[in-house]
Amino acid sequence: MTIGGAVAVVYSHNLMHACLYLLASLFGVAGLYAVIGADFLAATQLVVYAGGVVILMLFAIMLTGGTGNRINRYGLEKIASMGNKKTYFFAGFAAIITSLILLKIIASVLRAQPTNKVLAANDVTVNKLGVLLATDHILAFEISSVLLLGALIGAAVISRPRKERHD
Amino acid sequence: MSSFNLDVYMPVVILITLALLVAGGSMLLGSIIRPHHPNQLKETAYECGEEPIGTAWANFNVRFYVIALIFIIFDVESALMFPVAAVFKHFNEIGLGGTLLISIFTFTLILVAGIVYCWKKGDLDWVKSFNAPSTQQVNALSKDK
Amino acid sequence: MNSTVVTYLSQSKEFTNTVAALSKALGFDATSLVAFVIFFIGALIVVGALATIGGLGTYAERKISADLQMRQGPNRVGPYGILQFLADGVKMILKEDIIPAQADRFTFILAPFLCMIGVFATLAVVPFSSGLMLSDINVGVFYLVGMASLVGVGVFLGGYSSNSKWSMLGGMRGASQIISYEIPATITIVSIVLIAGGLSFKTLINGQGGLPHEWYLLHNPFAFIGFFVYFIAALAETNRAPFDLPEAESELVSGYHTEYSGMRFGLFALAEYIEVFVVCGVAVALFLGGYKVPFDLGSGHIFTEKLGLDSMLAQNIGQVLELGAFFTKTLLLYYVVIWVRWTLPRLRVDQLMTLCWKYLTPIALFNLLGMAVWMYAFDGKSIYSIIFNSAVSAAGHH
Chain P
1 MTIGGAVAVV YSHNLMHACL YLLASLFGVA GLYAVIGADF LAATQLVVYA GGVVILMLFA
61 IMLTGGTGNR INRYGLEKIA SMGNKKTYFF AGFAAIITSL ILLKIIASVL RAQPTNKVLA
121 ANDVTVNKLG VLLATDHILA FEISSVLLLG ALIGAAVISR PRKERHD
Chain X
1001 MSSFNLDVYM PVVILITLAL LVAGGSMLLG SIIRPHHPNQ LKETAYECGE EPIGTAWANF
1061 NVRFYVIALI FIIFDVESAL MFPVAAVFKH FNEIGLGGTL LISIFTFTLI LVAGIVYCWK
1121 KGDLDWVKSF NAPSTQQVNA LSKDK
Chain D
2001 MNSTVVTYLS QSKEFTNTVA ALSKALGFDA TSLVAFVIFF IGALIVVGAL ATIGGLGTYA
2061 ERKISADLQM RQGPNRVGPY GILQFLADGV KMILKEDIIP AQADRFTFIL APFLCMIGVF
2121 ATLAVVPFSS GLMLSDINVG VFYLVGMASL VGVGVFLGGY SSNSKWSMLG GMRGASQIIS
2181 YEIPATITIV SIVLIAGGLS FKTLINGQGG LPHEWYLLHN PFAFIGFFVY FIAALAETNR
2241 APFDLPEAES ELVSGYHTEY SGMRFGLFAL AEYIEVFVVC GVAVALFLGG YKVPFDLGSG
2301 HIFTEKLGLD SMLAQNIGQV LELGAFFTKT LLLYYVVIWV RWTLPRLRVD QLMTLCWKYL
2361 TPIALFNLLG MAVWMYAFDG KSIYSIIFNS AVSAAGHH
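Residue numbers (the working numbering), protein chains in the order written: chain P, 1 to 167; chain X, 1001 to 1145; chain D, 2001 to 2398.
Calculated directly from the structure, the hints in this document are not laboratory data. Where is the CB? At the ideal position from N, CA and C, for every residue including glycine. Accuracy of the hints is not assured; some may be wrong.
[What the hints assert, rightly or not] What the simulated footprint calls covered on chain P by chain X, stretch by stretch (three residues with Cβ under 8 Å from a Cβ of chain X suffice, anywhere in the stretch; the number is not a length):
# : segment
1 : 55-61
2 : 141-150
[Said to hold, decoys possible] Some but not every residue of chain X turned toward chain D, in silico, with C-beta under 10 Å:
#  : residue
3  : Ile1014
4  : Thr1017
5  : Leu1020
6  : Ala1023
7  : Gly1024
8  : Ser1026
9  : Phe1074
10 : Pro1083
11 : Ala1086
12 : His1090
13 : Gly1098
14 : Phe1105
15 : Thr1108
16 : Ile1115
Work out the full structure, taking the sequences as your base and the hints as a guide.
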């Protein structure tokens, strides 16, 4: 799902659809994180990426009208559908990979073997992450907040509308 | 049995499948029993008549984008806060609560500074509606008369 | 620790017997197969129950609003009109499915599905009772927040794909409303995680007790404020009154709903009602003590000790009590949600955004810091235990 989605992103002609394949791909990544036991990372992936970044990209597409000249947003022309063969092919590929991941989960159910890719299974990931963040990497923690501040101010400054002077 | 097993995600997968089945199934069921008489009139969009003013449209979209950006930043901030919050209680018990408190404060206050900046600079304001002229335009118009 | 319905049920003798029998019959260890079957049945039950609650929610809403407006609600279909939602459902399925000619077919069809997937996936972690949760993922509450934001994507796509200027605007406003209010809600959840020390719902609920003074709501003043912040933010996130501008636009002008007819619209609406229930459930779990029954009846120990019942049976009784507690509290909150809708006027979009960014977010951040200070200063004790302890020690001095 991840790879198929990612390839479909690159090959899809419609930018909006590309975003949706990206969403599928991010879901796949979250699933992969979950499968190897990094549950907090999977949830973060969902919250920040699938929830936030995809919306951001969709808004950006709306802003810049970047859906290409095949689509006239203000007219009533029919939007070009995804009839491109390549898109179908890669969507199918994505479906195959999705089903493989699903099969993996189901297979672990049926065979009742704990998977061997276990990371320190008995501790809760979130707590370990928290301890690490608070002790070893506390500087990184604080710097990340400064980084976020920089991003915030940068975003605000860039997106400020240019004031037209009528004087 | 190790405490790490994928079984716990089984309900998630099942529920997502059920969602698709329920939604898809009801659509299918409907497509069998409902009428299907498309005609030109039905398929056109619901028109309200008014065309948006060109520049006002562009002005708007930036507001949405700014909100989305600010959202992402605070989202990442809260995602980073989660692990720290989860172990705060534990730290308190072993007596290191004070240091963690200071680090939480620093982290949050830096971002509060950010939001105060955005507030003061007016990035958080939302324009009312694009049919109503803004206060400056009204004043300008009334000055012209 | 992850634990699930299966973990709970595996304590019973019937479970082990079934597994043994199946293993013999099938030749391999049937534990996980039985687990799968139990999950499947559990998921079906949950989906069925919640879809019914969603449907009854529409009915309840009409009845309660009628009550508030001094009129009768639906009372024709079935006794007291209780089957109204079934009639509505049938009507929706029978309506013609019009996909506008200029709509983007793929996204048009996908949008309600995304909303449904987002909402259903959250059902996996809703803590109905300590043993009967479908699964208690370690990052439960965070996962729930993530899935709820998927609904925002669905709303936006619904607006975009209709390809009419008005529904696109409605979709964008709806999406920006959902993402804006996610911030105060998430920050408030972080502040509760501070007290509880974990992200899974079990941890959050186990930190509370059955009686009101043991709930996080009354734990300290910051949590009290936090409850209201969370409630308002979560209401706004579900596009629910008085924040239903994206929907109201479909009454007044257009909104992301407009071009959707029949069952597709029904899917959006169903997703919204179920989401309101889930949000109320989360508020109950975080602030109102979740499924905890007063006097610790929920764990069934009292039954074993006092009445001498078999341990599994006692636990089952405890589970039923816990279910009852959870549903009572959640449905009470649901009633408050409906009440609020029909009492307060709708907010304008700029008031909406101002409320979020200039009021709720600063309050939520202040709460977070205040909660951290409280935890540090008072060692995580609630207000009542402090007063109680100081009273006891004061009495002890005499």
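Outcome of the hint check:
no.: 1; hint: 55-61; verdict: holds (count 4)
no.: 2; hint: 141-150; verdict: holds (count 7)
no.: 3; hint: Ile1014; verdict: holds, 4 Å
no.: 4; hint: Thr1017; verdict: holds, 9 Å
no.: 5; hint: Leu1020; verdict: holds, 7 Å
no.: 6; hint: Ala1023; verdict: holds, 5 Å
no.: 7; hint: Gly1024; verdict: holds, 8 Å
no.: 8; hint: Ser1026; verdict: holds, 5 Å
no.: 9; hint: Phe1074; verdict: holds, 5 Å
no.: 10; hint: Pro1083; verdict: holds, 9 Å
no.: 11; hint: Ala1086; verdict: holds, 6 Å
no.: 12; hint: His1090; verdict: holds, 6 Å
no.: 13; hint: Gly1098; verdict: holds, 6 Å
no.: 14; hint: Phe1105; verdict: holds, 6 Å
no.: 15; hint: Thr1108; verdict: holds, 6 Å
no.: 16; hint: Ile1115; verdict: holds, 7 Å
Hint violations for this structure: none, all hints satisfied.
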